[in-house]
Structures are given as C-alpha cells and as structure tokens.
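Peer 1: Single-letter residue listing:
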Amino acid sequence: DVKVTQSSRYLVKRTGEKVFLECVQDMDHENMFWYRQDPGLGLRLIYFSYDVKMKEKGDIPEGYSVSREKKERFSLILESASTNQTSMYLCATLSGTVIYGYTFGSGTRLTVV
Amino acid sequence: GENVEQHPSTLSVQEGDSAVIKCTYSDSASNYFPWYKQELGKRPQLIIDIRSNVGEKKDQRIAVTLNKTAKHFSLHITETQPEDSAVYFCAASGIQGAQKLVFGQGTRLTINP
Numbered sequence: 027d028v029k030v031t032q033s034s035r036y037l038v039k040r041t042g043e044k045v046f047l048e049c050v051q052d053m054d055h056e057n058m059f060w061y062r063q064d065p066g067l068g069l070r071l072i073y074f075s076y077d078v079k080m081k082e083k084g085d086i087p088e089g090y091s092v093s094r095e096k097k098e099r100f101s102l103i104l105e106s107a108s109t110n111q112t113s114m115y116l117c118a119t120l121s122g123t124v125i126y127g128y129t130f131g132s133g134t135r136l137t138v139v
Numbered sequence: 852g853e854n855v856e857q858h859p860s861t862l863s864v865q866e867g868d869s870a871v872i873k874c875t876y877s878d879s880a881s882n883y884f885p886w887y888k889q890e891l892g893k894r895p896q897l898i899i900d901i902r903s904n905v906g907e908k909k910d911q912r913i914a915v916t917l918n919k920t921a922k923h924f925s926l927h928i929t930e931t932q933p934e935d936s937a938v939y940f941c942a943a944s945g946i947q948g949a950q951k952l953v954f955g956q957g958t959r960l961t962i963n964p
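One line per chain: the protein sequences are A and B, in this order.
First residue of the first sequence? That's 27 in this note's numbering, and the numbers climb one at a time after it.
First residue of the second sequence? That's 852 in this note's numbering, and the numbers climb one at a time after it.
Please keep in mind that the hints were generated in silico from the structure rather than gathered at the bench.
Source: prediction; values computed, not measured.
Even glycine gets a Cβ: it sits at the ideal position worked out from N, Cα and C.
Worth double-checking, as some hints may not be accurate.
Claimed, not checked - Per label pair, the in silico range of CB-to-CB distance:
#	chain 1	residue 1	chain 2	residue 2	range
1	A	M114	B	L897	14 to 24 Å
2	A	R40	B	S860	32 to 42 Å
3	A	L67	B	V871	20 to 30 Å
4	A	D54	B	L897	13 to 23 Å
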C-alpha cells in the first residue's frame, strides 16, 4: 500500500506566521497534490507537482507556495498565515503510469488565530 | 476549467433502502470520474471509478453510471447499511498531464437504522 504521511495532524498558528505543511510518500509517485477541504466547498486544489522542482498552480493558489526538492516530499507553505486559511489540508499522490485515483494523506487541520 | 456540481448536499435514507448521488461536469474533455468516501475523521478513500468509454460499472452494492452526452454521472448504493454513512465526493479529470481532479462539494449520507 502507498503510504502518504502528513507531518502534523493538528496545528495552531498565529496570524502572520510562516507555516510549513509537509507531505511524504513512499511509492515513487510522480504526481503530488495539495487540497484544502472546507464544509460545503468540497476539496479545492491549491498546487500540484508532476515532477521534482516542477509545480503548477491549482484553483486557489493565492497566499500559498510549494516546494518539491525531492520526489517523495511535497511541502505547502503559507507565507503569512491568515484566519481565512484555517482549514483541513490534504495531500494526495498519483502514479504517473497507472491511473487508479489518488491516495490521500490523513490530513492536517490548521487553525490560524 | 472544469467545474463539478454535486447534489444533494445531504441525504438521509432508511437502512436497506437505496441512495443516489448525482454530479454534473462542464468539460467535455474530462474522461475519468472517481468517487471517494470519507468517514468521520478519516482520509478520503477511492470506492469506485469509471472512464468515459464505459457507461456503467458495478462493485457489489455500489454502481456508477455515466452519461457523456448530458455530462453527468451518478453513484448508486443499494441495500444501504449503517457503515455506508459518510461524506461522498465525486470528481472529474482528463487523462492528461498530472491528471488533476476537480471535486464536487460533497454529499453527507446518513443511514438511519
């Protein structure tokens, strides 16, 4: 089974802080994604990456950046956290050769106060 | 870009009855349609998917139908059981690039004993 590990289950940060959310996968998947999940809005794509050092904006990239220096690790960065970034953040991976749908991490619930 | 609408947002059915969740998509180029189930406090899990060259797919008590002309697809759960209670998400993507998924808003399904 693919393992997708998000470093923190719960985080509380202050407004204006720089926040790093980490995602690590162990199955050599090319594609990695960051979504945020909010009630009534479903899952919205923030950024994705299809290779090391490659990144693409998703539907709601404002206020976020990403880093992918190694194939197994995809980091989401909140440059200056704001209260409207309080949300559940989900990382997902996808093999580039076999399309069986995403494998999700367990999520990080971020609260910005 | 792709837009996916999902209805209803909440659904309550008696145990043993059937449940149907419907989604519409906007991009006629989309050709992969997965469904995810998210139990309370857990990560979304792929439960069934369908590709655009198929009109229907079944897996035990769950089935998905696809109408490409009308650009809608549906999840059908028969003989519902309490463990079917969860939030269900539909999604759509094209098999190109990083296969990014666009999700619907989610349906909270409650099975009443």
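Peer 1: For every hint, state whether the structure bears it out.
Peer 2: Here is how each hint holds up against the structure:
| no. | hint | verdict |
| --- | --- | --- |
| 1 | A:M114 with B:L897: 14 to 24 Å | 18 Å, holds |
| 2 | A:R40 with B:S860: 32 to 42 Å | 33 Å, holds |
| 3 | A:L67 with B:V871: 20 to 30 Å | 22 Å, holds |
| 4 | A:D54 with B:L897: 13 to 23 Å | 19 Å, holds |
Of the numbered hints given earlier, the model fails none.
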